[in-house]
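So the sequences go chain by chain: U and D. Everything in the first sequence is counted per the numbering used here, starting at 1 for the first residue and increasing by one. Everything in the second sequence is counted per the numbering used here, starting at 1 for the first residue and increasing by one.
Treat each hint with caution, since some may be false.
Claimed, not checked - In silico lysine to any residue, SDA-like type, Cα no more than 20 Å apart, as pairs: (1) U:Lys328 <-> U:Pro254; (2) U:Lys198 <-> D:Gln201; (3) D:Lys192 <-> U:Arg112; (4) U:Lys198 <-> D:Glu161.
What the hints assert, rightly or not - Partial selection, computed: residues in chain D whose CB lies under 10 Å from chain U: (5) Lys202; (6) Asp331; (7) Val336; (8) Trp341.
Honestly, the hints are just simulated from the structure, not real lab data. Glycine residues also receive a C-beta, built at the ideal position from the N, C-alpha and C atoms.
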Amino acid sequence: MTDFRVPAWGYWIMGVGLAAFIVMLVMYIRRNRGFKRPLFASPYVLWLVVFTVIPCLLVAYFSFTDYQGNFTLDNFKDFWDSNYTARKAMDPEEMKMYEEMGLTLEDLGLERGTININTLVFSLWMAFLCTVICLLLGYPAAHIMANRDFKLGPTLVVLFIVPMWMNFLLRTVAMMTLLEDNGVINSLLEAVGIGRQKLLNNVAAVQVGMVYNFLPFMVFPIYNVLNKMDYKLSEAAMDLGCDKWHTFYKVTLPLSLPGVVSGITMVFMPAVTTFYISRLLGGGKVQLFGDLIEAKFLSTSLREWNVGSALSLIMMILILISLGLLRKVDPEGEGGGMV
Amino acid sequence: MKKWISLVAVLVLMMNVLPLNGAFAAQEEVNVYNWEDYMNPEVFKIFEQETGIHVNEMFFTTNEEMMISLRVTPGAYDLVFPSDYCVERMISEGLITEINFDSVPNFSNIEPWMINPDYDPENKYSVPFMWGTVGILYDTTKVDDPVDSWGILWNEKYADEIIMLDSIRDTMGVTLKYLGYSMNTRDRLELKAASDKLIEQKPLVKAYYVDETKDEMVAGNGALALMWSGDALYAMEKNENLAYAVPKEGSNVWVDPMVIPATAKNKENAEKLINFLCRPDIAQMNCEYIWYSSPNTAAIELMGEDYTENPTINPTQDIIDRCEFFHDIPDQYLTVYNLFWGRVKDAK
Chain U
1 MTDFRVPAWG YWIMGVGLAA FIVMLVMYIR RNRGFKRPLF ASPYVLWLVV FTVIPCLLVA
61 YFSFTDYQGN FTLDNFKDFW DSNYTARKAM DPEEMKMYEE MGLTLEDLGL ERGTININTL
121 VFSLWMAFLC TVICLLLGYP AAHIMANRDF KLGPTLVVLF IVPMWMNFLL RTVAMMTLLE
181 DNGVINSLLE AVGIGRQKLL NNVAAVQVGM VYNFLPFMVF PIYNVLNKMD YKLSEAAMDL
241 GCDKWHTFYK VTLPLSLPGV VSGITMVFMP AVTTFYISRL LGGGKVQLFG DLIEAKFLST
301 SLREWNVGSA LSLIMMILIL ISLGLLRKVD PEGEGGGMV
Chain D
1 MKKWISLVAV LVLMMNVLPL NGAFAAQEEV NVYNWEDYMN PEVFKIFEQE TGIHVNEMFF
61 TTNEEMMISL RVTPGAYDLV FPSDYCVERM ISEGLITEIN FDSVPNFSNI EPWMINPDYD
121 PENKYSVPFM WGTVGILYDT TKVDDPVDSW GILWNEKYAD EIIMLDSIRD TMGVTLKYLG
181 YSMNTRDRLE LKAASDKLIE QKPLVKAYYV DETKDEMVAG NGALALMWSG DALYAMEKNE
241 NLAYAVPKEG SNVWVDPMVI PATAKNKENA EKLINFLCRP DIAQMNCEYI WYSSPNTAAI
301 ELMGEDYTEN PTINPTQDII DRCEFFHDIP DQYLTVYNLF WGRVKDAK
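The following block holds chain U by itself, in its conformation from the complex (with noise of 0.2 Å):
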């Protein structure tokens, strides 16, 4: 019944895409006249076209076709409108049977559904907040740990990388147990007096996870600019007369942009993208736009896979957009976090 062969014109356009990438490579050593450096890429080139190229490619195949593999646009649809897939499924014997009864689309929960465009405004916004708690937290920690005069400063970069080391997932599971009802926080909250908060399962908590796993990511590339930047300047800016607030607005705060931007990306695109936290930490009642995908592709039911590649397709050109705009305001990807 179901067929899980790719049809001939889908190797046709992976392979159409892989020579188009293949001739680039060649373009691009030929014009550099040597062999030498790409030679030594080409294990790299080889991992990227097999596991980043090739899956793209297999997820825009996804998003343009249907379960029986025709070309169809009704994944985008779907996007627009949620319950689109559903109600083309219906049986048109069964859809006229209802409307004999006298019931509408509202009755039968087939109206447009508005599911996937709320949850993906809800993820941006989740990510945005995200990306601006990290900038205000992790900007004066960065601009602490570059001083010269902070002895502890290197002491606290090991400490920010340390908890790196270990899996996200676990880190987020540790979460848990910090923010249960019987947990460590709670337990000390009703020794103090205050009483038991409902911590875990809402959308605050989700949000902290966010923020605790990416906060790294803002903290050092604004670290590593500052670090590098000529101390100098501030001390010239001192000695013609600046106090140091107008020294930090004038001098550090413009050198410190790109570092800033870099962050800024480094935050916002695993946070749009965030799925599994949400899980844990929301208790599968708070769903973001990774946690939509994820379910699509978990169904049983295989026509949900070109739908999920439809909205995956949607969010990597939201996220390349924003990358693009990003580029213009680091156009040397000074800040070290640019692709």
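Based on the hints, put chain D in the right spot on chain U.
This is chain D only, laid out in the frame that chain U set:
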């Protein structure tokens, strides 16, 4: 020195890759595809000792993963342990073959009510391995009402103490049962009613979990939880305040059967293994290891009161009669299930 170590390491790695089948050609084998931790490890050792047939074990974590693997690697497996509703689909897709029951004499040990089940009406393709129910696991220190109806999951007294399953068929299924419908319904209006009921319940729900539920209940972080009987028993063993009940409206009874793929290379060995697993002492070993309900009458007799006096593992026939098997839902209706479940997940 380092060079030599790495050379040896490479050689060892290559040994695994090189075709050494010649050396083992005489060895009989059977390839088993099962859920992780769903077999007493001693059992296969005994089987190898008695028959000389080597058992290769492979594992899957979801039915979907297993189905895809069966389709894309034909011939890789000789014996598979799917969930009941998958068997229906596997039969219709021609993925599994009829079992030769002449070589499974121990099939006579299987409980009569489990023969000719809905998912395999003429009982040609499957032999039950384990079974269980879906019910409510509750904390007796927190719940003082009688737990005999699904309605208690909608009781505002237990707001923020109710844990539901993050699983479409189970959660939608019990809601349908509560409303008096079948858990295999394809009727949109019934499904919409169930979805509305679940949206109404959402503010009372602490979380939608799957694997976390049992640990949360053991830790005392909830009062009521929708749970499978097997996981419930695990939790009750760790926390004596917990109890389990199957509500009067009825519930789901699930079976994990054994089936043989159509492409199996060692069909006869697989049948020998099925027969072996239906032997009373072996079924007892597995039941006492996995602690799910056993379909094996002879094994139940061997286990005695430990088993028969435990209502969670051994529900009365009356409860079983009120329960339903899950049927496979075709894709176009699954879309409807997904749609209504999506509304529940999206509700604020």
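Hint check:
Of the pairs offered as hints, the one joining lysine 328 of chain U and proline 254 of chain U holds, with about 15 Å between alpha carbons and a cut-off of 20 Å not exceeded. A C-alpha spacing of about 18 Å is found between lysine 198 of chain U and glutamine 201 of chain D, which places the hinted pair at or below 20 Å, so the restraint holds. At roughly 15 Å between alpha-carbon atoms, lysine 192 of chain D and arginine 112 of chain U fall within 20 Å of each other, so this suggested pair holds. Between lysine 198 of chain U and glutamate 161 of chain D the CA atoms are separated by roughly 11 Å; this keeps the pair inside 20 Å, and the hint holds.
About 7 Å separates the beta-carbon of lysine 202 of chain D from the nearest beta-carbon of chain U, less than 10 Å, and the hint is met. Annotation: interface hint on aspartate 331 of chain D holds; nearest CB of chain U at approximately 5 Å, less than 10 Å. Against a cut-off of 10 Å between C-beta atoms, the interface hint on valine 336 of chain D holds, since the closest Cβ of chain U lies about 6 Å away. Checking tryptophan 341 of chain D against chain U by beta carbon gives a least distance of about 9 Å; that is within 10 Å, so the hint holds.
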